[in-house]
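> Chains B and C: place on chain A using the hints.
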Amino acid sequence: MRYLGLRLLQSMFVLLGVSLLSFVFVELAPGNFFDEMRLNPRISSSTVTNLRKQYGMDRPLPVRYFRWVESAANGELGFSFAYNAPVAPLLWARARNTLLLTGSATVLAWLIALPLGILSAARQRGWIAQACELFTTALLATPDLLLALGLLFMAVHFHWLHTGGMFSRESAGQSLWGLSKDLAAHMILPVTVLVLGSLPLLLKHTRAAMLEVLDSPYVRASRALGISRGRILFRHALPAAINPLVSLFGFSLGSLLSASLLTEVVMSWPGLGPLLLEAVLDRDIYVVIGAVLFSTLLLVFGTLLADVLLFAADPRIRTEDLA
Amino acid sequence: MEVVHSNPASEGQRSSPQDAENLLEVRDLWVRFRVNDGQEFTVLDRISFDIAPGEVVGLLGESGSGKTTLALSLLQLLPPSARLAGGSVGFGGRDLLLLNEKQLREVRGAEISLVYQDSSVLNPVIKVGDQVMEVVRAHHRWARQRAREEVQAAFAAVGLGGSDRIYHSYPHQLSGGQRQRVMIAQAVVCKPSLIIADELTASLDATLAAEVVNLIKQLKDSSDTSVLFITHDVATLARVADRVMVMYAGQIVENGSMQEVFSTPQHPYTRALLECAPQDRSAGTSRDRALRLPCIMGSPPDPMAPPPGCSFSERCKDRMDVCDAHHPEEFHPTPSRTVRCFKYGAGQS
Amino acid sequence: MTPLIQARSLRKVYTHTHWWHKRRELLALDNVDLTIQRGQTLALVGQSGSGKTTLAMSLVGLERPDSGEIWFEGRNLLAERAGRKTRVGSEIQLIFQDSAGALNPRMSAAQIIEEPLLISRQGNSLERSRFALEMMDKVSLPSKWKDRLPHQFSGGQRQRLAIARALVLKPKLLILDEALTGLDLSIQGQIMNLLLDLQALETLSYLYISHNLELAAQVADEIAVMCQGRIVERANHSEFFSHPHHPHTRALLTSTPPRLAYGAHGGG
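Chains as they are written, first to last, in my numbering: chain A, 96 to 418; chain B, 208 to 556; chain C, 25 to 292.
Just chain A, same shape as in the assembly (with noise of 0.2 Å):
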C-alpha cells in the first residue's frame, strides 16, 4: 500500500514535468496564434495586441506557467483560443470518442489475438499457425496509413459503410436503440483499423510466450501424468504464459490516446486525434498542452494497472519465495 502512495507522488511529478517540458516546447516552436490574424490585413495590430494582452500572451513564460497551473487546478487547463472556450470541457468530449474507439478496438484484438495466438502455438505445423504467420508479416508490412486510406477507399468506392463522422444527420432524435446501431455502423471502418494494426504484435507475443512455457519440463511432466492437451493448453500452459502477455496489455491501455490518430484524421472521427492536430496547426497552445497531459495521464495510469494486474496475476510476484 505504502508502495501505491509512492507511485501515485511518482505520477504527479511526472505529470508536472511533461506539462512543463510541453509548455517550454510549445514556446520554443516558431509562430503563435495570433500570426495567422496579422496575416490579415482588416485586423488592426493593434487589435491583435489587445487580444493578445487579453489572453495574457504578452507575459513571461514562468507567469504564464503559473496561471496554467492554477487554471488546472480549476479544472480548465487552460483557454482554447480557437474555440474560445476552456480546455477541459473540450478535451473531454473529443477524448470520449477515442477512448470508445480504441477501447473496443483494443478489447477485439486482444479477444482474437488470444485465442489465435494460443492455438497457433499448441499446432505449430497446423493450418492456422501457417496462416497467422502469413497474416501478421502482411500486416506488419503494411502501413497504417495504407491501411486506413485503403479501407476508406474501398468502402467509398463500394457504397459499404458509413464513411465519416459518428452519427449520421438522419439519426438525431432516433432512440436509443436506433442511434446505438448508427454508431456503431460508423464505428466498423476506424474499429477495423485499429485491430489489424495491433494484431501482428499481440499475436505474436502470445504465440512466443505460450511456445516457451508448452515447452517446459512441467507441461510435458502433466503429460506424462495423463492430463488431456487441452487441459493443459488453457489450465496449465495458459496461467504461466501469461505474465508477459499482461505487461503488454498495460501498455496498450497507456497507449489508448495516442495509437489512433491517423485513423482519426483519416477517417474523421470527431476524437481527440483531430482536435489535436488543429491545435498544433493553429498553435492554439493549451490545447496541445491538455491533450498531451490527458496522454501522458493515461500512460501512466495504464503502466500502474499492468503492475497491479501483474501482482494478481502471477503467484511468483504475489507470495514470498521461501526457498
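No wet-lab data here; the hints were simulated from the structure.
Be aware that one or more of the hints could be misleading.
Below are the DSSO-like pairs computed for lysine-lysine, each with C-alpha atoms no more than 30 Å apart in a straight line [claimed, not checked]:
| # | chain 1 | residue 1 | chain 2 | residue 2 |
| --- | --- | --- | --- | --- |
| 1 | B | Lys334 | A | Lys299 |
| 2 | B | Lys398 | B | Lys427 |
| 3 | B | Lys550 | B | Lys524 |
| 4 | B | Lys427 | B | Lys550 |
| 5 | C | Lys168 | C | Lys194 |
| 6 | C | Lys196 | C | Lys168 |
| 7 | B | Lys524 | C | Lys194 |
| 8 | C | Lys168 | B | Lys524 |
| 9 | B | Lys398 | B | Lys424 |
Now the stretches of chain C that chain B is said to cover, found in silico as 3 or more residues with beta-carbon under 8 Å [claimed, not checked]:
| # | segment |
| --- | --- |
| 10 | 186 to 192 |
| 11 | 200 to 211 |
| 12 | 214 to 227 |
Note that the Cβ used here is the ideal one computed from N, Cα and C, for glycine as well.
For chains B and C alone, coordinates are given in the frame of chain A:
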C-alpha cells in the same frame, strides 16, 4: 547380424524367472533415434525384462545407456525424433505400444507413473494442492469432497500431511525436499501399480535421499506398488531394490536379484561399476595419497558408430578375442539371472 | 606453518527488497572461519542452502562479504580487491558443477584454454597455442580435439576442459563447487584421479564442496560441515568419522548408506 543360439537354455527361458503373473513384460524393445541428416542410431537394443507386482527393480546405468529412453518409451512419451522399431510392452493384458493417445492417457498417471529428479516439473503458477488435484481430475470423476480427501491422503503418504498450508502453497514457497514430495504425491495419488523413478535421488543430499528411499519402501510395503528405480547410485539401490538390472549402451547386460548382483557381480561392467561406487569411507586413518580411485577408463561407444563386437569390449578388463568380433547373447547361468557376456558361454549373435 | 588461505569471521547477508514485500534478510555466511594448508584438500559438506556456494564465491572474489577478512599467503585479499588490484584473481580458481554452462559454447576447446592467457596478456599467439595443447595433454584430452566445441564433448570431458582452463594461470587454490556431482560413477573416479595427480604435481590446494559426503571423504585431508551459514564441525579425516560431535554431522553420517560388501570376486 546372424543370430546363433548356442545356448539352448536361453531359448526356452524367454519369460521371466517368476513365471507367476507379471505386472510388466517388456520384450525386444527396440528404439531408434533420427539425427538431423537422416541417419538413425539405436538407443534401445531389443530390451527384455519383467517386473512382478510389489517388486522394486533397480536399473543401473550411466549416461548414454538408454535408461531414460527406456522410461519414456514405456509410456510412449518419446520425442518425435524417436522411432519405435519393434518390441512389445505387456501390461495388464495389453500391449502399451499399441495403444492410442486416449488410451495411453488413462494409463499415464493412474496405472503407471513417472517421477523425475528435477522438481521444476511443478507448474510455478498453480498451487501444489491443485496440481495434485489435476491428476485426480484427469482420471476420475469423483465429487469434490472425495477428490480432496484423496489428495490429502496422498500428501499424508509422502509426509506432507497435517496442514492446509502446504496445499495452498506455490512451488517456490516450498523447500527442495518438499517439492520433491509433492512430485511423488502427484505420482501416487491415483494409486498406480507401477512407478518409474528416473534418477529420483540424484540431486538430493544424503538425508533427503534417505527419506525418499524410506518413502519408496513404505509404498512398496503398504500398497504392493512396483517401482522401476532408475539410477546410477549404487548405494541407494542397495537399500531398497529387490532386483537389479544393469544397462550399458542400450542393452541389459546383467539382471538378477540384488543380493546376487551386488555380492557376486558377473558382467565385467557391473563389477567395474560397483568398484567405482564409494566404498567404506572410514577406512584408513588418513588419506593415502598413493591410492587412486577406481574408475573405468574410456567412455561409452558412440551410438552412431557402434563397435562390431560387444559394446563394452573396449573398456573391458577381461576382454577376449571373440568379444571384438561378435555380440554376446543373453545367458542364464541360473533361472533367475541373466548375463550378456562371453565369459559365461553366452551365445553369439 | 602459515596456511595458504585463511578466512576469518566472514559474514554475508542477502537482503530481499521488493516493493510489495517486507524487507527480508537471508544470513548466508554467519561468522565463518576457514583455513586451508598448502597442498591439502578441505572438503566442505552441507545441504543446499547452507552457504557453501556463497563461501566459494566470496573466496574467489565473485561476492563481497559484508565483514570479515581473507588472508591469502599473507596478503589481505578483501582490502586488495577493494582497491581493485586484480592480480589476485588468478591464484584462486573456481570450477562449477554445470560444465556446459561454464564454457562458452561458441569457443573451441583451444580458445577456451587460451582465453585466460589472452586476458592477462601473457605470451604471444604461438606460445599460447602451444601452451593450450600442453594443458589438454595434462588433462588427458586428445590434442586433435582442440577445435571441437563444448557441446561435442561429454560431461566428463567438459569438466576436464574446465579444469585445464582453471589451471592455465597456475593457481594455488582450486575450488570445486559440486564439480563431480552429476557425472557418471565411472567418470567421477577418472576426474578425481586427474585432480589428485595434478595436486601432487603442482602442489595445489583444493576446496572440495559437495553435498555428497562419500566422494568428498575419499579425497579429503580435512572435512568441514556447513549448516545454515555456519561451520558446525571441522576435523581431519579420521577424527571426523570416529568422533563426530555436532548432531548435524551425526545425522549426515547415519543417513549415508552403510558399507556394502561389493564382490571383488565375480562368477567366473
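> Three or more residues of the segment 200 to 211 of chain C near chain B by CB distance under 8 Å?
With 6 residues close enough to chain B, the hint holds.
> Is lysine 168/C within 30 Å of lysine 524/B, Cα to Cα?
27 Å, holds
> With a Cβ-Cβ cutoff of 8 Å, does the segment 186 to 192 of chain C contain at least three residues near chain B?
violated (count 0)
> Quick one, are lysine 398/B and lysine 424/B close enough, alpha carbons at most 30 Å?
15 Å, holds
> Three or more residues of the segment 214 to 227 of chain C near chain B by CB distance under 8 Å?
Our answer is that it holds, as 5 residues pass the Cβ test (under 8 Å) against chain B, meeting three.
> Lysine 334/B and lysine 299/A: Cα distance at most 30 Å?
29 Å, holds
> Hinted pair, alpha-carbon criterion (30 Å max): lysine 168/C, lysine 194/C. Please report holds or violated.
24 Å, holds
> Does lysine 196/C pair with lysine 168/C here, judged by a C-alpha cut-off of 30 Å?
29 Å, holds
> Below or equal to 30 Å on CA atoms is what counts here, so check lysine 550/B against lysine 524/B.
Satisfied, since the Cα-Cα distance of roughly 12 Å is no more than 30 Å.
> With a cut-off of 30 Å on the C-alpha distance, tell me whether lysine 398/B and lysine 427/B pass.
11 Å, holds
> Is lysine 427/B close enough to lysine 550/B, meaning Cα to Cα at most 30 Å?
36 Å, violated
> For the pair we were handed, lysine 524/B and lysine 194/C, check the Cα-Cα distance against 30 Å.
36 Å, violated
When held up to the earlier numbered hints, the structure conflicts with 4, 7 and 10 and fits the remainder.
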